[in-house]
Each structure stands twice: as C-alpha cells, then as structure tokens.
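Could you slot chain B onto chain A? The hints should help.
First to last, the protein sequences are chains A and B.
Residue numbering for the first sequence follows the numbering used here, beginning at 1 and increasing consecutively.
Residue numbering for the second sequence follows the numbering used here, beginning at 1 and increasing consecutively.
One should not assume that every hint holds.
Claimed, not checked - The calculated label-pair distances, taken between Cβ atoms and stated as ranges, are:
1) B:Gly218 to A:Pro156: 51 to 61 angstroms
2) B:Ala276 to A:Ala161: 47 to 57 angstroms
3) A:Thr109 to B:Ala276: 29 to 39 angstroms
Don't read these hints as lab results, they were simulated from the structure.
Glycine residues also receive a C-beta, built at the ideal position from the N, C-alpha and C atoms.
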Amino acid sequence: MVSLLDIIGPVMVGPSSSHTAGACRIALVARALCCGTPERARIELHGSFARTGKGHGTDRALVGGLLGFAPDDARLRASLELAAGLGLLATIETTRLRGAHHPNTARLTLERAGRSVQLVGSSLGGGRIAVTEIDGFALDLSGAYDTLIVEARDAPGVVAAVTAELAAAKVNVAGMRVSRHRKGGDAIHVYELDAPADEAALASIRALAAVAFLRVVPRVD
Amino acid sequence: MYDSLAEAVAHAEAAQCSLGELALEAETRDGRRTRAEVEEALLRALNVMRGSVARGLVGDVRSVSGLVGGDAAKVAAAGERARAGSASAAPPTHGLLAGTVFGDALARAIAVQEINAAMGVIVAAPTAGGAGVLPGVLLAVGDRVGADDAQLVRGLAAAGLVGAVIAQRASLSGAEAGCQAETGAAASMAAAAAVEVLGGTARQQATASALALQGTLGLVCDPLGGLVEVPCVFRNATGAAIALAGVELALAGVTFAIPADEVIDAMGEIGRTMDARYRETAGGGLAATPTGRRLARERLSIGMGKGGGNR
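Same shape as in the complex, but just chain A (with noise of 0.2 angstroms):
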C-alpha cells in the first residue's frame, strides 16, 4: 500500500536516499548496539559507498549516525567537525568486503566503555536498509522496527523462553531469525517486535540462565 507520505517525503538532508538516508540508518542501528555514542569508530566502505561515498556525503551521514543525528537533521552535514568535539574519533578507509555483499554496504567497528562491537550494514535504496552482520553472526535486521537482540547459549528451550516472556508482556513478534556459528555454541536471535518491550520484560529475558546478552535497537524512522 502506497501512501501519499512515502511519495511527499521523507524529510531528509541530501543528497541520495539510499548514500545518505540510509547510511545514517545504518549508524543509528550500530550506535544503538553501542548503548551511546561510540568512543572509537572504525569505518570501512564497501562498493559504491567506496566509490562515490565522499562525493555524496556517506562518511559525513555514517558518522552523524554514529553521534545520533537522524536523516533530517541538518547536522549530518558538518558531523566530521562536530565528532572529536562530541567524544568519537573516527577512521574512515574504503574496503573489498569478502562473500556477497550489496553494492551500498558500510562495515562499522565501534569500541564503547571497553566493550566492542562491529556490524556490516546495506543501503538497499530509499532509505531502506539491511543490518546483515553483528559481531560475525549473520542477520537481517531492517531497523523500521523495535528489535531485540539476544545472544544465547545453542540449546533447545531458548527461543521459546523468550518468546514466552515476550507473549507475557503482550508484545507481538513481527519477524525473528536465529543463526550460530556451530551447534551448541552461541546463538544470536532477532526479534523484530510491533512494539517495544517494557523493562520487565526485558528484565526477564536478560534474567534467563541461557542468555548471555540482550540489546535493544529502537525503530529507526
């Protein structure tokens, strides 16, 4: 279903949709995973991102991301000035990511309070993107809605705890996919949710012997 807003809109800073929009989507996810602006950003441009990234601004909207300006915020556009003065330091190089990759696709290394965190990101067009990596597991993550995170010991139950606790606080599943790097070892799940999780909810789930972690990504607009 088409609507007249998706035509009159978005209310973005330029210059292309899928370049800018998009790579800023894809920071704002990563700068979620970190809890907060990150301390340290490694960010490496793959394909047309590497090419034509500078000229249409990517790096600027990938770092504005990083900080937490959205896709219209006029921000975006000086976010090199403004990141040292604001608490990240930031590198940006250009990169041939091995195995199938889409040709908008950005690789981020974040470093906050000690901890780490990397995630390869798609600009799929429109402002539409695909978080396909985090920390070396593989995933599809849209960002157009509230999404859990979980990392989890590979056993049988896991899923169905936490959906459990999900149904308790009568928070529907949009979509999830769960992937491990080997049977029995640590499984990532995502869950794409038609509304947030209060935090009982996720008190609950973090409180599961299995789960290791728990992230929130807020629904990106």
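Positioned in the frame of chain A, the structure of chain B alone reads:
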C-alpha cells in the same frame, strides 16, 4: 492510494472534487492516520520545501565537489532585473520569461537541488534527485496567485496521488528506470499540483500530468561520477519547465490522445528495457563524455583513500 489516474478522475468527478481532495480522503481510508495528521505531515513537508528554496536562493552554498551551487541566485537576480525593467541592456542580462512564474519556477527548482547537492535538508518528492521540480513549480505558482497553505497542501496531495500511481505502475527510481522516473515523475506530479492550486478540474490535472510525463519519456539518468550534481540540478529546472508546459496546455483545453495511465505504463516499459549505462551508473550519456569523465576524475574525488581520521 490509487493505482490508476482514470479511476481517480472518475471518483473525483463523481464526488465533484479535485485530485488533491480525493487523495486526502483516500489517504485516511485505511484508518492509520486522521485527515488532520495527513494534512499536518504535508504542511511540514511544504514548510521544509519553503526553507530549502529560501536557503538555495541566497546563493552561497556549494556542493561537496564544488561543481554546483550559486545558479539559483543568478536566475532569481535575472528575475529582479526584469521586474525593475532593465530591458535595454546589451547584451541582454535576462530572457523574456525572467520575472514571470516560469523564471520563478526555474530558480526555485534549482535552489532546492543545489541545497540537496550540498547536504542540506530537503523533501524527497518523489526522490532526492528529483526534489526540486515540485517545490519549484508549486511555490512559484502559489506565490503568483497568493495561494494559502490549505491550497498548497491539497496541491501536494494531488502530486502524491500521481506519484503513487507512477510508483505502482512504473517506477520512481533512476537506478531502475532512468531520469524519466525521477525528474519526469516529479514533473508529472508538479503539473497536477499546479492545476490543483489554479482551480482546474481533476480531468485537467490528469491531462497535465500525462502531457508533462510524455515530454520526459526516455530521459536517461547519467550523472557525472554517479553523484547527484550534474546534470541533476539543471534537469530539475527543465523538469519544472516541462511541468508548466503541461499545465498551460491542459488549462487551455488541450487533451492528450494517450490516457495518463498508459503514458505511465509506457514510461515503465521504457525503463525496464533501458540500458544499464543510462540508469545512474555513470556509464553513459553526459557522464561518459570526455568532459564528464574528466570532471568526475578531477572534481568528484572518486575513491576516498586509506585512513583519514576526523577531517
């Protein structure tokens, strides 16, 4: 939203309303948003458009490469000279349409696109690359007739309806279907918006949209270096010109033999068979000219180098 302009015109005629009014009603039918919420969102878009135009007309903004910027101010200054009546200068410093709604639309379309190229805030309508055409035409026409916000919001709604039909029947992506799907679609949308503000009928709106889109069929997307700068800024100006041509013809009572829906279908068909060189890849057209290649190499800094840190 509608996927046929013929159906939309039939409904508008039955309800004795414009396409803009019909679109506002249709948008609230699924119950996700109230009429007031839709109008508020469109008013916000309208105000962002006004802001981009105002910022761009100042003329002090340059794109990331420095290749575009400052031309909206030149066109606006020519309009001021024409209004002041300095027609006797030789060589002439403005054309016969400077200071008219035509010149105003060109200046505003360029202004928005210059702001887009400089990483300013714009409304993608329907896309960032074609974002200048609709505000250029709508605000120039609206200023000329003293339209109020409610009229301009209905104009945006009419434009949105046309864009939604194009999105569903063809494409709104230069990478998929060339510039006909970006500035061409924007011209078609802008024509419907302008007829709305001028008080034309729903049928005239669809005719103006068809006439504008037929004038851009086959238009390729060939930006230098793959960046939204050259020719995008200028193609928004010519898109606005084509939209105004459609408006003039439709309001004069001209009709077009091919129905609007079929013109849109033809645009989709041309887009699907368009060579990849002409779909935003910088592999053909102006991007592949000797000068286009040289400028891309020299000015658009393809590739970003290693390392860097905060710059």
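The hints, checked one at a time:
1. B:Gly218 to A:Pro156: 51 to 61 angstroms: 59 angstroms, holds
2. B:Ala276 to A:Ala161: 47 to 57 angstroms: 49 angstroms, holds
3. A:Thr109 to B:Ala276: 29 to 39 angstroms: 33 angstroms, holds
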